[in-house]
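Visitor: Taken in sequence, the protein lines are chains A and B.
Residues in the first sequence are numbered consecutively from 8, following this note's numbering.
Residues in the second sequence are numbered consecutively from 317, following this note's numbering.
Take the hints with a grain of salt, since some may be wrong.
Claimed, not checked - Covered stretches of chain B (in silico footprint by chain A; criterion: 3 or more residues with CB under 8 angstroms from a CB of chain A, positions within the stretch not fixed):
id : region
1  : 413-427
2  : 434-444
Unchecked claim - List time: in silico DSSO-like cross-link candidates among lysine-lysine, alpha-carbon distance up to 30 angstroms:
id : chain 1 : residue 1 : chain 2 : residue 2
3  : B       : K449      : B       : K496
4  : B       : K437      : B       : K391
5  : B       : K449      : B       : K437
6  : B       : K391      : B       : K449
7  : A       : K19       : B       : K496
8  : A       : K182      : B       : K449
9  : B       : K437      : B       : K496
10 : A       : K19       : B       : K449
11 : A       : K19       : B       : K391
12 : A       : K183      : B       : K391
13 : B       : K496      : B       : K391
What the hints contain is simulated information worked out from the structure, not anything from laboratory work.
Treat the numbers as computed from the prediction; the structure is a model and nothing was measured.
Ideal placement from N, C-alpha and C gives every residue a C-beta, glycine not left out.
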Amino acid sequence: MADVFQIKPRTKRRLLSIGRAHAGLVTGLVLLTGFFALAFSGQLLDLPDPDKMDLLARLAPPSDAHILGTDHLGRDLLARVVSAIPVSLGSALITMALIFAIGLPWGLIAGLAGGRVDAVMMRFADIVMAFPMLVLALAIIGFMGASLEASMIGIAAGWWPSNARLVRALVLSAKKRDFVRAARLAGASRSRTILRHILPQILPPLAVVISLDTASVLLALSSLSFLGIGAQPPNAEWGAMLNEARPFFAQAPHMLFIPGLAVTLAVLAFNLVGEGVRDLLDQRQPYQW
Amino acid sequence: MLSIRNLSKSFYGTPVLNDINLDLSTGEVIGLIGRSGAGKSTLARCLVGLERAEAGTITLQGNTIMPGTGLARQKIQYLWQDPTQALSPYLSAKAAVLETLNGFDIGSRDQRNTRATDLLKQFEIDTGTAARKPYNLSGGQCQRVTLSRALAAEPEVLILDEPLSSLDMATQVAALNTLKTARQQRNISMLIVSHDLATLRQIADKVAVLDEGRIVEFLPIEQFAARARHPLARAYAETLAPKGRR
Numbered sequence: 008m009a010d011v012f013q014i015k016p017r018t019k020r021r022l023l024s025i026g027r028a029h030a031g032l033v034t035g036l037v038l039l040t041g042f043f044a045l046a047f048s049g050q051l052l053d054l055p056d057p058d059k060m061d062l063l064a065r066l067a068p069p070s071d072a073h074i075l076g077t078d079h080l081g082r083d084l085l086a087r088v089v090s091a092i093p094v095s096l097g098s099a100l101i102t103m104a105l106i107f108a109i110g111l112p113w114g115l116i117a118g119l120a121g122g123r124v125d126a127v128m129m130r131f132a133d134i135v136m137a138f139p140m141l142v143l144a145l146a147i148i149g150f151m152g153a154s155l156e157a158s159m160i161g162i163a164a165g166w167w168p169s170n171a172r173l174v175r176a177l178v179l180s181a182k183k184r185d186f187v188r189a190a191r192l193a194g195a196s197r198s199r200t201i202l203r204h205i206l207p208q209i210l211p212p213l214a215v216v217i218s219l220d221t222a223s224v225l226l227a228l229s230s231l232s233f234l235g236i237g238a239q240p241p242n243a244e245w246g247a248m249l250n251e252a253r254p255f256f257a258q259a260p261h262m263l264f265i266p267g268l269a270v271t272l273a274v275l276a277f278n279l280v281g282e283g284v285r286d287l288l289d290q291r292q293p294y295q296w
Numbered sequence: 317m318l319s320i321r322n323l324s325k326s327f328y329g330t331p332v333l334n335d336i337n338l339d340l341s342t343g344e345v346i347g348l349i350g351r352s353g354a355g356k357s358t359l360a361r362c363l364v365g366l367e368r369a370e371a372g373t374i375t376l377q378g379n380t381i382m383p384g385t386g387l388a389r390q391k392i393q394y395l396w397q398d399p400t401q402a403l404s405p406y407l408s409a410k411a412a413v414l415e416t417l418n419g420f421d422i423g424s425r426d427q428r429n430t431r432a433t434d435l436l437k438q439f440e441i442d443t444g445t446a447a448r449k450p451y452n453l454s455g456g457q458c459q460r461v462t463l464s465r466a467l468a469a470e471p472e473v474l475i476l477d478e479p480l481s482s483l484d485m486a487t488q489v490a491a492l493n494t495l496k497t498a499r500q501q502r503n504i505s506m507l508i509v510s511h512d513l514a515t516l517r518q519i520a521d522k523v524a525v526l527d528e529g530r531i532v533e534f535l536p537i538e539q540f541a542a543r544a545r546h547p548l549a550r551a552y553a554e555t556l557a558p559k560g561r562r
């Protein structure tokens with residue numbers, strides 16, 4: 008049985024060499040895996056209810072009873088930081104999915120169609136881009152009312168044009184490659200050309216952008232929650248937790264430090280993964296993508 | 317078969333092709349030579365729709381066609397100058413040929429797999445090599461795969477843009493033999509763009525010399541050395557050693 012789990016020396020050497028060559032990527036992936044493992048194993052850890060108040064233990068420093076201490080309402084900070092993982096990371100990932108659900112087809116259609124269709128679609132994207140992203144997000148939040156959902160929609164509404172522009176630029180370059188034009192001449196249908204010859208070219212660079220942008224979106228969402236116009240109390244969300252900790256900074260600095268560290272580590276993880284994937288791709292010939 | 321009438325094309329106001337007229341009969345091979353920038357590749361690309369001609373008509377079997385569209389896309393196939401760049405890095409050699417068979421709906425679905433294997437085998441691409449992606453193939457192998465793919469479309473005309481220029485001498489000879497076989501077996505017409513008259517002599521029936529966007533000489537290959545009058549054509553003729561001494 009032990010043999011089944013034993014890593015062969017050759018595999019071990021290979022894994023170690025990959026780890027050494029791409030330390031950033033490995034660190035980022037380990038951090039993200041850690042976050043997701045924590046998010047899904049909250050119940051296994053037997054943490055207290057993140058919303059359960061204990062006013063007698065408010066602003067308690069880290070102790071055996073509360074490993075990371077408690078907040079101003081006596082809620083366990085570890086439980087709240089862990090229960091905020093799916094909210095904070097989930098909202099960032101869903102916002103990125105929203106951004107790409109608009110930006111990818113928009114850029115793809117504009118890049119493939121060219122001519123007037125491209126011009127009209129890109130001018131519309133330019134108009135949206137003319138608004139500072141946060142101003143547009145604030146306007147949408149003002150219209151919908153302060154909530155995490157509104158801030159996600161607001162950020163996606165202001166963010167997609169830059170991704171659409173990037174997708175368009177990648178498509179313009181990809182569709183001019185000889186092998187794409189050759190495939191089309193040799194009988195590949197339009198949809199097959201897009202799916203089998205164009206998309207595989209643009210997805211690797213997009214993966215880098217998605218990872219790097221997720222970090223920025225996470226920061227933007229946390230900032231809106233910090234300002235009190237994103238996730239609303241009593242929901243545990245890192246930005247909202249920072250906002251709640253603000254008045255108690257002098258008395259209980261751990262209240263600010265713990266969610267702050269979580270945001271920093273999550274942003275660092277997405278950035279490391281993004282940079283790592285870019286480094287990996289840069290080592291390969293574009294032709295071999 | 318393929319008829320080009322008064323074809324003209326310019327880039328940013330500079331004429332590249334000027335009133336080109338050329339006829340290609342069934343099974344005939346015409347070589348197109350000329351200096352760099354003479355417009356040879358542009359003419360080849362206009363015939364398959366990679367460039368749009370500004371004036372002129374192209375007819376195939378008497379029907380006016382829009383190159384690169386409809387039936388013309390299938391019946392006029394194009395071989396790229398650099399075969400390694402003409403094959404998708406995401407598809408194996410066999411998948412590339414299958415893509416053409418599927419795309420043009422050639423043969424029954426069940427037969428296409430065998431057909432692709434047979435086509436590749438015909439050009440000495442065995443099953444193992446056919447499973448490789450182009451970056452794991454040599455230039456010569458890529459050229460044979462692109463030729464298999466082009467022939468899979470069952471074309472009537474093959475346009476070849478300097479098909480041998482990126483190959484070493486040994487592979488050039490093999491590729492030339494491959495083209496000769498394709499011509500003999502399928503009676504396909506070919507228009508071959510080349511710099512090298514000596515190579516064209518081994519396969520072409522006629523040679524057209526293109527200079528500054530115009531065809532300045534058009535002669536059967538055997539009479540080229542004797543009858544060429546244009547200074548550029550004469551210069552090419554002088555590169556030819558008498559047949560049999562090479």
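Visitor: State for each hint whether it applies.
Guide: Results for each hint:
1. 413-427: Result for this restraint: holds, n = 6.
2. 434-444: n = 0 at 8 angstroms, threshold three: violated.
3. K449/B <-> K496/B: Given that 30 angstroms is the threshold and the Cα spacing comes to 26 angstroms, the pair holds.
4. K437/B <-> K391/B: holds (22 angstroms)
5. K449/B <-> K437/B: Distance ~16 angstroms between K449/B and K437/B Cα, so the pair holds.
6. K391/B <-> K449/B: Cα-Cα ~26 angstroms, so holds.
7. K19/A <-> K496/B: violated (53 angstroms)
8. K182/A <-> K449/B: Measuring from Cα to Cα gives roughly 20 angstroms; hence the hint holds.
9. K437/B <-> K496/B: The hint holds at about 16 angstroms.
10. K19/A <-> K449/B: holds (29 angstroms)
11. K19/A <-> K391/B: violated (55 angstroms)
12. K183/A <-> K391/B: holds (23 angstroms)
13. K496/B <-> K391/B: holds (19 angstroms)
The structure fails hints 2, 7 and 11 (numbered hints given earlier, in ascending order).
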